[in-house]
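Student: Respectively, the protein sequence lines represent chains A and B.
Letter by letter, the first sequence follows residues 1 to 221 in full-length UniProt numbering.
Letter by letter, the second sequence follows residues 1 to 219 in full-length UniProt numbering.
It is worth saying that the hints were derived from the structure and are not from the lab.
When the alpha-carbon atoms are kept at most 25 angstroms apart in a straight line, the in silico DSS-like pairs for lysine-lysine are as follows:
hint: 1; chain 1: A; residue 1: 132; chain 2: B; residue 2: 40
hint: 2; chain 1: B; residue 1: 105; chain 2: A; residue 2: 40
hint: 3; chain 1: A; residue 1: 62; chain 2: A; residue 2: 24
hint: 4; chain 1: B; residue 1: 52; chain 2: A; residue 2: 122
hint: 5; chain 1: B; residue 1: 105; chain 2: B; residue 2: 117
hint: 6; chain 1: B; residue 1: 79; chain 2: B; residue 2: 62
hint: 7; chain 1: A; residue 1: 141; chain 2: A; residue 2: 24
hint: 8; chain 1: A; residue 1: 46; chain 2: B; residue 2: 142
hint: 9; chain 1: A; residue 1: 40; chain 2: A; residue 2: 52
hint: 10; chain 1: B; residue 1: 142; chain 2: A; residue 2: 62
hint: 11; chain 1: B; residue 1: 53; chain 2: B; residue 2: 213
hint: 12; chain 1: B; residue 1: 79; chain 2: B; residue 2: 142
hint: 13; chain 1: A; residue 1: 179; chain 2: B; residue 2: 46
hint: 14; chain 1: B; residue 1: 105; chain 2: A; residue 2: 111
hint: 15; chain 1: A; residue 1: 52; chain 2: B; residue 2: 133
hint: 16; chain 1: A; residue 1: 53; chain 2: B; residue 2: 126
hint: 17; chain 1: B; residue 1: 29; chain 2: B; residue 2: 40
hint: 18; chain 1: A; residue 1: 99; chain 2: B; residue 2: 53
These are the residues of each chain, in order.
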Amino acid sequence: MGEEVVLFGTRGSPYTCRIEIALKLKGVQYKYIDEDLANKSPSLLKYNPVHKKVPVLVHNGKPVLESLVILEYIDETWQGYPILPEDPYERATARFWAKFIDEKCFPAIFKSCWGEEKEREKAVEEVSVVLKILEDELKEKKFFGGENVGLVDIVAVVIGFSLGVYEEAARVELLNKEKLPRLCNWIDDFLSNSFIKESLPPRDKLIAYLRNRFRSGNASK
Amino acid sequence: MAHEVVLLDFWPSMFGMRVRVALAEKGIKYEYKEEDLRNKSPLLLKMNPIHKKIPVLIHNGKPVCESLVIVQYIDEVWKDKNPFLPSDPYHKAHSRFWADFIEQKVYDTARKIWATKGEEQEVAKKEFIETFKILEGELGEKPFFGGETFGFVDIALITFYSWFYTYETFGNFSIEAECPKIIAWAKRCMQKESVANSLPDQKKIYEFTVWMKKYFGMD
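Taking the hints into account, I'd like the entire structure generated from these sequences.
Tutor: In structure tokens, the structure reads:
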């Protein structure tokens, strides 16, 4: 077909991971280029001069930036598996929750594990609040997208995968199984999806990397 | 079906203004409900329990929250008139990227210009100008960010124009001197009825900010 799809990312980043999940769900063949963020490649800087960040999807030489923008682009470009629903109200709802996860959940999760000592306790409380909100939003659904994985589930890799990894690496407990039974079931279903499994970085390697990178913040634990 | 579209809003909010512009662009009749943010209505708390913020669009009783999510929703429901986004996925992604850039870069910095003093204010001014210079670069020679027609990125950015007099007065600088193309673009947008009727007068915003600073003891 002469189509070229390249993904610039970093292994271990949930933002990169979500793009790989989407591409795999759509059955798109792509080339993955791992970036060393301490030493960004000229290609990355050429494709994303404004933010100089990953992930960047380059489709037939043209770059698409920002993970949520990329996810919608993938959905609109390749047919087959629907990432977003068709109905405008359901689409708006999906976009709302994707934004909620990115703006409220992930920063709190990250701070509670790797933030400065004085910020961590407050962040842990915040995590408990936002996870409960997600628990309530799940209701009786198997996935946030309904019967199948959708946009919100893909974005929620930060909860499906990163949360558990961070908990283990930082030795912090964030997921209360008694208070969040639906979310815990969702995590199990999420991790059982074969396309998702294929997109996740090796867990032990990531834990070792995180401990090494942020260890100075946890010397007392 | 007079009130099937309701907007919960707060008149100086540049986020609420985006929705007003979007509704006007599509020619949608709606009921505007002004919220007192110090005393939020039960309706607002019911329709946006998570963030408790405006704007909220209520369409046939169902709430849509977050201004750019609402603007996209309006574009997708009333799709036959004045589309905000291009139909081609790549150009659509390009527009969404720049709307996201505006979301990330403008509000917090702009707020610091009127809300802070001294070094913090100077840093904010510098960042503000840098951000708008980048936006000037993206605009280039096009009449609108959307190209020949007013679109999603224009809607995302133009509402900040109502606050420019406030930023310039508190920050003691001229945005036009630094970014003339942005001002030319803004004036072009203001020639559209949908924009002119949706943005409050710049001086009113300034008076509001002066009052707000006093009320919250920010002077």
